[in-house]
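Construct all of the structure, not just a fragment, from the sequences and the given hints.
Here is what each chain is made of, one letter per residue.
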Amino acid sequence: MNLADYLVLFASIGAIALYGILRTRGKKNLHDYLRGQKKQSWFLIGLSVMATQASAITFLSTPGQGYDGGLSFVQNYFAVPLALIIISIFFLPLYRKLNVYTAYEFLGTRFDKKTRLLAAALFLLQRGLGAGYTLYAPAIVLSTVFGWSLQLTILLSGIVVIAYTVVGGSDAVTHTQKYQLAIIFAGMIAAFVILLHNIPCSFTDSLALAGHFGKLNAVSFSLNPDKRYTFWTGMLGGLFLMLSYFGADQSQVQRYISGDNLRESRLGLMFNALLKIPMQFGILLLGVLLFVFYLFHPVPMFFNKNAMEAHFNSTRMLPHDAFRPDWDQSFDTHSEGELLREQKAYFENEHQNLSEALNAWRLGRQQGNANVQHESLKKADASLMNEQDFRMNDAIILRAADGHESANDNDYVFITFILDNLPHGLIGLLVAAFFCAALSSKAAELNALASTTTVDLYLHLFPTVQNRAATVRERLPSMPEQPDRSLTVAAPMTPPAPSSRPPTQDSELSTQDSRPSVRAAKLFTILWGIIALLFALFLLPHFGENLIQATNIVGSLFYGVILGLFLIAFFFKFITGTPAFLAAVVAQALVITLFATLNISYLWYNLLGCLACITLAIVLQPLFPPRQQPPGFDVLPPSPLK
Amino acid sequence: MPTPPSNEPIPAPISNGRPPIGNPSPIENRKSEIENSTGLPFLSTWPRLYAFILLFFAACVLALAWLTRAFS
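Read top to bottom, the protein sequences are chains A and B. Adding 255 to a residue's 1-based position in the first sequence gives its number in the working numbering. Adding 1 to a residue's 1-based position in the second sequence gives its number in the working numbering.
Hints may be right or wrong, so weigh each one.
[Claimed, not checked] Short, incomplete list of chain B residues facing chain A, as computed with Cβ under 8 Å:
id	residue
1	I28
2	G40
3	Y51
4	F72
[Stated by the list, open to error] Label pairs and their calculated CB-CB ranges:
id	chain 1	residue 1	chain 2	residue 2	range
5	A	A625	B	S45	50 to 58 Å
6	B	L63	A	F401	40 to 48 Å
7	A	Y601	B	A52	50 to 58 Å
8	B	L63	A	V841	39 to 47 Å
9	A	F440	B	L44	18 to 26 Å
10	B	L63	A	A625	50 to 58 Å
11	B	A52	A	G680	41 to 49 Å
12	A	L273	B	L63	40 to 48 Å
13	A	L262	B	A66	45 to 53 Å
14	B	A66	A	H552	28 to 36 Å
15	A	L778	B	F43	28 to 36 Å
[As the list claims (entries may be wrong)] Among the chain B residues that face chain A by a calculated CB cut under 7 Å, a handful are:
id	residue
16	I54
17	F58
18	C61
19	L65
20	A66
21	L68
22	T69
23	S73
Don't read these hints as lab results, they were simulated from the structure. In this text, a Cβ means the ideal position worked out from N, Cα and C, and glycines have one as well.
As structure tokens, this is what we get:
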């Protein structure tokens, strides 16, 4: 980066922050802080839903996933259109009808307080664990640009994002996301064009090369359960993951319940149903083209250059058990710096061979000489295999040298390409957009964590002025299993007179009396920010997956059970709170046990968790008193296809 | 074909400006009308829009399957 880039970078970050603050100043009630003003058009909702999922992690990490694993990851998103249609038909009308702040309020209305608290706790646990990952995205950008250590940049990003969220709230996230998304898309299109321009063969030849090296594996119908991404894992496991993510994850629900009306919210979801697969395909294809680009151009042995350079001149000796058993004994007599330099020399030599073989292939293709093409590709295969072996050795040495350094450098592939190959000025703008998108995504997550903690836990455990009346209301009816109505509008048995109607949640939370709750929400934002920071600094570096997969794995462990609770609430009207609660606890324990013992694609845990929760609840229900619902209280929409 | 005139009595006009209890108000009717339509020119009902999205999805999967086979 040069001076122009730095000027553009700081000016853009400043402008985005200022815009967010100006758009949201003077917001003092809990409603606005948590849910934003409820007047958003479908386009803004659609962008917001897209930006919440397709965050900076997606744009940083997914090209790296494409570079390493090809197009297969696109199957992870196959169920998105179906899941969003189901949510649009069944989930969304209910959330709007009940006027909920968090998705878990609905469970309190349908079941009881303990089931609501359990679902909220599961969400908080998985998001709290996953929150650390979203801090990695801005930290990776900063550490690559400035050459600072990852730990330092995680700490700095964490502090900035906590301040941003506390100052801005939900609306700032939405208003700045659309501009960040626009800049990132523009930057990705520019990167795409520059890639195509710099690859020394045609687009079709690039695809042919990518296909030869197994990178165009977009659809696989394999039934092997060990295989991580297939059509079946995407359509079955992925359906449950996406249903739960979009339908029961507060960070998403919070985005689309803020629509002006049901139609705007639905259209916002359909916007994503249509665009998600093409968008993910485009980002993965960018990664595949990066792979082809680096076949012909010099490639770093390890894309996380800072991690490599930190050990490059080290004279420290590494323990023998850190190496592979087939390695030569002479490795014991070399320092870590010597080992890395040696591997780098071998690697660069092999990459030179690879480029030469592929240039020969290119000429053979131009001349239509099949023999030359075949022989060149054979040489290229051997060179690429050796190259990957040296890369793996490098990762083993780095991991042995510093247990905190992740051996997975996929997340650094795209940012490295940007810094090395894009025109100055655009680099600064793109880095600013990545950084701000990473902040926004983290802010949305912290916002969701804070709103769930405030509305689902804090306002229950510490009733304040505005919800004291509601708590009294909840104690009035006597039923075997009392639905939790402390924060939702009670469905009236007869049309009430305006004066006798209990105050709605909106009016309760919109009053000036909700200031203590806003303070609590801000405190919870800070608390979750600190927890995310601690996870990112001390726990997550040992996980060894790239960001986009790691977030999906953590989510898949909890989403199935959360979704199971929601599906019971929607479709199994005879099941009451206690069996649902017990089923969810047992199903969650089962999923964790299976994850620790089985080696199957993580997407299946969504399906298993959901089915286990529903089946157990059906089995347990006869042991408990049947549900008694007051007349007029029916949470299901009258006609699903309206 | 034009609909024959109905013999049913025309409901009396609402004198107090409010609809009878139990019937949806004009505002609710309008809201329901807005929400039952997508507002899109060729995909005006929700089932049509959903069907279009599912067809588009099927086309995407077929295109990706072709890409996998053609370049493997």
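Outcome of the hint check:
Contact between I28 of chain B and chain A, as hinted, is not supported at the beta carbon level, the nearest pair being about 12 Å apart and thus beyond 8 Å. Given hint, G40 of chain B at the interface with chain A, holds; its Cβ is 7 Å from that chain's nearest Cβ, closer than 8 Å. Residue-level restraint check for Y51 of chain B holds (minimum Cβ-Cβ distance to chain A is 5 Å; threshold 8 Å). Evaluation of the F72 of chain B hint against chain A yields a held restraint, the C-beta minimum of about 3 Å falling below 8 Å.
At about 55 Å, the CB distance of A625 of chain A to S45 of chain B agrees with the hint of 50 to 58 Å. At roughly 46 Å, the beta-carbon separation of L63 of chain B and F401 of chain A lies within the given 40 to 48 Å, and the hint holds. With their beta carbons about 57 Å apart, Y601 of chain A and A52 of chain B fall inside the hinted range of 50 to 58 Å. For the pair L63 of chain B and V841 of chain A, the supplied restraint of 39 to 47 Å holds, since their beta-carbon distance comes to about 41 Å.
In this structure the hint that F440 of chain A and L44 of chain B lie 18 to 26 Å apart at CB holds, the actual value being about 25 Å. Between L63 of chain B and A625 of chain A, the C-beta spacing of about 30 Å breaks the proposed range 50 to 58 Å. Between A52 of chain B and G680 of chain A the Cβ separation comes to about 46 Å, which falls inside the hinted range of 41 to 49 Å. Separation of L273 of chain A from L63 of chain B is about 47 Å and conforms to the stated range, judged on CB atoms against 40 to 48 Å.
The hint said 45 to 53 Å for the Cβ distance between L262 of chain A and A66 of chain B, and at roughly 47 Å that hint holds. The beta-carbon spacing between A66 of chain B and H552 of chain A, approximately 31 Å, falls within the hinted interval of 28 to 36 Å. Judged by the Cβ atoms, the range 28 to 36 Å given for L778 of chain A and F43 of chain B is violated: they are separated by roughly 50 Å. Checking I54 of chain B against chain A: minimum C-beta separation of about 5 Å stays under 7 Å; hint holds.
A distance limit of 7 Å between C-beta atoms decides the matter here; for F58 of chain B the minimum to chain A is near 4 Å, and the interface restraint holds. For the restraint placing C61 of chain B at the interface with chain A, the shortest Cβ-Cβ distance is roughly 5 Å, inside the 7 Å limit, so the hint holds. Interface hint at L65 of chain B: satisfied, since its Cβ lies 4 Å from the closest Cβ of chain A, which is below the 7 Å cut-off. With its C-beta approaching chain A no nearer than about 4 Å, A66 of chain B sits inside the 7 Å limit, and its interface hint holds.
Given the 7 Å rule on beta carbons, the hint for L68 of chain B holds: about 5 Å separates it from the nearest Cβ of chain A. Checking T69 of chain B against chain A by beta carbon gives a least distance of about 5 Å; that is within 7 Å, so the hint holds. Here the hint on S73 of chain B is kept, as its CB sits about 6 Å from the closest CB of chain A, short of 7 Å.
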